[in-house]
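Novice: Chain residues, written in single-letter form:
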Amino acid sequence: MKRYNSGVSAELAAVDGRKHLNMDKMMTAICFVLLLIIVVIPIVMIIYHAFFNEGKLEIEMFVQQVTEKKNLEAMWNTLKIAVFATILGTIMGVFYAWLLGRSDIPAKGLMRALFNIPYMFPPFLGAMAWDMMFNGRSGYINKWLVQLFGLSSMPININSVWGIVFVEVSYYFPFVFMQVVSALERMDPTLEESARIAGAKQRQVIWKITLPLVKPAISAGALLILTTSLAHFGVPSILGYAKGIYTLPTRIYAVIYNSGGSFDGIRQGAALSVMLVIVVAAALILQNRILSSGNYDIIKGKSMRPTLIKLRGAKIPLFLLAILTLVLIVIVPLVMIVLISFLKAYGLPLEFKNFTFAQYQKVFSANGTIASIRNSLFVSITAGIICMFLGTLVAYVVQKIKPKGKGALEVISMLPYAIPGTVLSIGVILAWSGRIAGINLYNTIWIILVAYLARYLSFSMKTSSAALLQVHSSLEEAARVCGASHTEGLADITLPLIRPAMVSGFFLIFLPAMREVTTSILLYGPYTRTLGVQIYSLRDAGMIPQAAALATVAIGIIIILNTIVTKITKDRKGV
Amino acid sequence: MANVKFDNITFRYGTNTVLENFSLEVESGKIVCLVGPSGCGKTTLVRALLGLNKPETGTITVGERVLFDAKKRVNVPAEKRNIGIVFQDYAVWPHMTVLENVSYPLKKQRRPKDEIHQRAMHALDQVHMTEYANHLPNQLSGGQQQRVAIARALVVDSDVLVMDEPITNLDAKLREEMLLEIRMIQKRLNATILYITHDQQSALQLCDKMAIMQQDGTLCQYGTDEEIILHPANRFTFEFIGVSNFLPLEKDGKGLVLNCGEKIPYTDAVPKEAENGGYDIGVRPNDIVFDAQSPLKAKVDSRVFLGSEYNYFLSLGKKQIRVQQSMLDARTKGVANEGETVGIRLLNTRFYPTQKGGATA
Numbered sequence: 019m020k021r022y023n024s025g026v027s028a029e030l031a032a033v034d035g036r037k038h039l040n041m042d043k044m045m046t047a048i049c050f051v052l053l054l055i056i057v058v059i060p061i062v063m064i065i066y067h068a069f070f071n072e073g074k075l076e077i078e079m080f081v082q083q084v085t086e087k088k089n090l091e092a093m094w095n096t097l098k099i100a101v102f103a104t105i106l107g108t109i110m111g112v113f114y115a116w117l118l119g120r121s122d123i124p125a126k127g128l129m130r131a132l133f134n135i136p137y138m139f140p141p142f143l144g145a146m147a148w149d150m151m152f153n154g155r156s157g158y159i160n161k162w163l164v165q166l167f168g169l170s171s172m173p174i175n176i177n178s179v180w181g182i183v184f185v186e187v188s189y190y191f192p193f194v195f196m197q198v199v200s201a202l203e204r205m206d207p208t209l210e211e212s213a214r215i216a217g218a219k220q221r222q223v224i225w226k227i228t229l230p231l232v233k234p235a236i237s238a239g240a241l242l243i244l245t246t247s248l249a250h251f252g253v254p255s256i257l258g259y260a261k262g263i264y265t266l267p268t269r270i271y272a273v274i275y276n277s278g279g280s281f282d283g284i285r286q287g288a289a290l291s292v293m294l295v296i297v298v299a300a301a302l303i304l305q306n307r308i309l310s311s312g313n314y315d316i317i318k319g320k321s322m323r324p325t326l327i328k329l330r331g332a333k334i335p336l337f338l339l340a341i342l343t344l345v346l347i348v349i350v351p352l353v354m355i356v357l358i359s360f361l362k363a364y365g366l367p368l369e370f371k372n373f374t375f376a377q378y379q380k381v382f383s384a385n386g387t388i389a390s391i392r393n394s395l396f397v398s399i400t401a402g403i404i405c406m407f408l409g410t411l412v413a414y415v416v417q418k419i420k421p422k423g424k425g426a427l428e429v430i431s432m433l434p435y436a437i438p439g440t441v442l443s444i445g446v447i448l449a450w451s452g453r454i455a456g457i458n459l460y461n462t463i464w465i466i467l468v469a470y471l472a473r474y475l476s477f478s479m480k481t482s483s484a485a486l487l488q489v490h491s492s493l494e495e496a497a498r499v500c501g502a503s504h505t506e507g508l509a510d511i512t513l514p515l516i517r518p519a520m521v522s523g524f525f526l527i528f529l530p531a532m533r534e535v536t537t538s539i540l541l542y543g544p545y546t547r548t549l550g551v552q553i554y555s556l557r558d559a560g561m562i563p564q565a566a567a568l569a570t571v572a573i574g575i576i577i578i579l580n581t582i583v584t585k586i587t588k589d590r591k592g593v
Numbered sequence: 037m038a039n040v041k042f043d044n045i046t047f048r049y050g051t052n053t054v055l056e057n058f059s060l061e062v063e064s065g066k067i068v069c070l071v072g073p074s075g076c077g078k079t080t081l082v083r084a085l086l087g088l089n090k091p092e093t094g095t096i097t098v099g100e101r102v103l104f105d106a107k108k109r110v111n112v113p114a115e116k117r118n119i120g121i122v123f124q125d126y127a128v129w130p131h132m133t134v135l136e137n138v139s140y141p142l143k144k145q146r147r148p149k150d151e152i153h154q155r156a157m158h159a160l161d162q163v164h165m166t167e168y169a170n171h172l173p174n175q176l177s178g179g180q181q182q183r184v185a186i187a188r189a190l191v192v193d194s195d196v197l198v199m200d201e202p203i204t205n206l207d208a209k210l211r212e213e214m215l216l217e218i219r220m221i222q223k224r225l226n227a228t229i230l231y232i233t234h235d236q237q238s239a240l241q242l243c244d245k246m247a248i249m250q251q252d253g254t255l256c257q258y259g260t261d262e263e264i265i266l267h268p269a270n271r272f273t274f275e276f277i278g279v280s281n282f283l284p285l286e287k288d289g290k291g292l293v294l295n296c297g298e299k300i301p302y303t304d305a306v307p308k309e310a311e312n313g314g315y316d317i318g319v320r321p322n323d324i325v326f327d328a329q330s331p332l333k334a335k336v337d338s339r340v341f342l343g344s345e346y347n348y349f350l351s352l353g354k355k356q357i358r359v360q361q362s363m364l365d366a367r368t369k370g371v372a373n374e375g376e377t378v379g380i381r382l383l384n385t386r387f388y389p390t391q392k393g394g395a396t397a
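Sequences listed follow chains A and Z, in order. In this text, residue positions in the first sequence follow our numbering: the first is 19, and each later residue adds one. In this text, residue positions in the second sequence follow our numbering: the first is 37, and each later residue adds one.
Simulated from the structure, these hints should not be mistaken for lab results. All of these numbers come straight from a predicted model, not from anything done at the bench. From the three backbone atoms N, C-alpha and C, an ideal C-beta is built for every residue, glycine too. Incorrect hints may appear among the rest.
Unchecked claim - The calculated lysine to aspartate or glutamate pairs, modelled on EDC-like cross-linking and capped at a C-alpha distance of 20 Å, are: (1) LYS223/Z - ASP244/Z; (2) LYS149/Z - ASP193/Z; (3) LYS90/Z - GLU167/Z; (4) LYS143/Z - ASP195/Z; (5) LYS328/A - ASP122/A; (6) LYS328/A - ASP206/A; (7) LYS355/Z - GLU298/Z; (8) LYS143/Z - ASP206/A; (9) LYS144/Z - ASP510/A; (10) LYS144/Z - ASP195/Z; (11) LYS245/Z - GLU263/Z; (12) LYS223/Z - ASP252/Z; (13) LYS116/Z - GLU506/A; (14) LYS245/Z - ASP43/Z; (15) LYS355/Z - GLU263/Z; (16) LYS261/A - ASP122/A; (17) LYS149/Z - ASP510/A; (18) LYS116/Z - ASP510/A; (19) LYS144/Z - GLU506/A; (20) LYS143/Z - ASP510/A; (21) LYS116/Z - ASP193/Z.
As the list claims (entries may be wrong) - Non-contacting residues of chain Z with respect to chain A, defined by C-beta distances greater than 10 Å in every case (computed): (22) ASN57; (23) LYS107; (24) ALA305.
Please construct the entire structure, taking both the sequences and the accompanying hints into account.
Specialist: Spelled out as structure tokens, the structure:
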């Protein structure tokens, strides 16, 4: 009686309802209250302050902000960068996914691992490296090219819209790549084989069968690139800021920064935030229209052995192309940052006599550095743990209790996913700097924590949700019939079963939070810099080799953490 | 052991009424099979018994104990009902070993450790699973998991044991073995077992009594298997339990005819109410016998040997009917060959008014 399963826990809740203090209702209430505090209040505050001043409706400020030339330019840049990054990143992602998933290209396992690196590499560090190489005035490779060919001007200028697009593509294409590779792997190979047997040529099979079948995966990945790019702060701020190229997120930062954190500045930021959210929403709707795609059940959960396509003569050139791509987007920036971190002073030629360990000493003797690492660890771990539990709670309420208003609950918890980090920060500032119940968290680490909670809650909710869907309600019911109370059933059966998902939800939050800049750059106070902020401000202050040294350390930490996580999640396979 | 009494149970999902004023009494110490097509409300009924859903009206009692009474607002929570269950999808907890699974109900009763171990092992022994005690469920086959679920239901002395299609995933041989095993366990414990299935074959093998439920959630017959096979209460029971042929009987001028695409005179005696036609003759395949003297002639379309019997498809007029011939009959009278025209005689005929809409199976 499958069709009744959906209502089963709701039924159980109804059965329990009268006699006991209703735990399900309590959990539902907790979810609503916490989401109200974490998500709804900041968003409401932004909208309120964008249109109201001291309790009175005042649209002039909003209109003025929206019509200002600089802001319109920023909006145009945001759109341009996002659209091109999405298109190019999608093409690149699909191409390499197909190459590694379906062709007989050599060294697949290694290449797959390497192609995932850009995903964990913080894009703003990448942008730093590219700036060091191709800065329009002082890029090392630029200077070298000028010398080599006797050019009169710098050949490549990374500090441009196209430079930003290039760097974003190289770090965002894994979104599509990973989705499509896994879809290709889960696809039933007989679907392609039947097409071949029916007389289709290899090329026709790719266009008519394979691509349409992975279209949902492509479209999901593309959506991720689009929203991430629209909201992205790091790359455009590092590459565009100095040249006066703004996107909406960097423009919001500039407005607030220039106003010295005054209330008017924050209100202007709120107005721009509304603008940015509208752009993101429009992009989402548009994307939905263009790529609206049915879900196919033909892609199965089981992994199967697909038939590999022989590349024949193209094998070696394509292999070299893939290697070259990897070197260009992974190795070159990494090497550049490490090299610069050893320089005595930025601008000196990259020669051995100019190398020193002094930058590392300087960075680590400055007490701000250690504090920033400590801050990042504290906020990331705390946010990870809280989100893990809260996300699971929301997922449980939505999946199993199914109260009235579960749709609203779901939407609210997923909302921050579509809201840019910059916007969220402004909401958090407006909400928690003394305006509500006198709670003032500004300049403390707690305000960063609150922002992280809102930002990352949807991550853990998604993983827990997926895990809960796997836990059939009969498992908990069997426990009830065996003599377990509602609470015992939860504790003995459901929780242990979704524990692995909860743990991976934690890491899904902890890892990106460790390298976060977008939200913390607007929220940090004198003693609450995070690792990302510290690198960013070192560079901003012109101490580029020191920034590079700390960046090297940060990358080291990230690689170590990632390795540990991969180990842990692999060991848990059996559970 | 105790008897189970459903009285006037009404259950709705939204506006969809699954059960309406449903009553059934299961005698103590009997195996009762609840048989009905998918979606007829069997599972809803036992979920109400288990306390996993809440009917709108009615009472449920086990022995002297009232588990549910809509009027008096009695609703014993699931964990206090003391009913064992084997779920259709086993619901064996994947993160616990076989032994932990089976021990769980005893743990919840806060029994001493030695007793838990001893009783759990005993339950595993009953389903021949002792050697798998320390395996995790994902190391077991579907059939083995089902046996773990059965052991888990047996381990506490429940008043009643509910089994929701517990053997569907076993292969034919193991299925038979488990049915015998369930039977033996029931004898030994003298337990009341409510066994849900849509497979009438295993129901026949297992049960003391059968309750036949119709698609609309009503109980259409409750009785021993002989009663149900030999005296089906209505067309639904006749059709649902076993294979059946239906031949429309019509009045044509002076005599009765079978309307099988062409009109074939029917000369056997009919009950009074069917004398004017408008009835379907229901007849089992093994109640149709070959008789060269019979005026009723049919053509043999195909013949399949099934080990203990022959299965024929015959054309009677334009209608295809199914006939079974036992080995004994085939030995003494010989078999009919494909393409041959044979005389047939209908025995044990039943007469059901023709259904509106003309649907004849």
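Novice: Each hint should be assessed against the structure and marked as holding or not.
Specialist: Hints, one by one, checked against the model:
no.	hint	result
1	LYS223/Z - ASP244/Z	holds, 12 Å
2	LYS149/Z - ASP193/Z	holds, 17 Å
3	LYS90/Z - GLU167/Z	violated, 40 Å
4	LYS143/Z - ASP195/Z	holds, 18 Å
5	LYS328/A - ASP122/A	holds, 6 Å
6	LYS328/A - ASP206/A	holds, 19 Å
7	LYS355/Z - GLU298/Z	holds, 9 Å
8	LYS143/Z - ASP206/A	violated, 45 Å
9	LYS144/Z - ASP510/A	holds, 11 Å
10	LYS144/Z - ASP195/Z	holds, 17 Å
11	LYS245/Z - GLU263/Z	holds, 9 Å
12	LYS223/Z - ASP252/Z	violated, 34 Å
13	LYS116/Z - GLU506/A	holds, 13 Å
14	LYS245/Z - ASP43/Z	holds, 18 Å
15	LYS355/Z - GLU263/Z	violated, 30 Å
16	LYS261/A - ASP122/A	violated, 45 Å
17	LYS149/Z - ASP510/A	holds, 18 Å
18	LYS116/Z - ASP510/A	holds, 17 Å
19	LYS144/Z - GLU506/A	holds, 9 Å
20	LYS143/Z - ASP510/A	holds, 12 Å
21	LYS116/Z - ASP193/Z	holds, 13 Å
22	ASN57	holds, 20 Å
23	LYS107	holds, 14 Å
24	ALA305	holds, 45 Å
Hints 3, 8, 12, 15, 16 from the list above are not met by this structure, while the remaining hints are.
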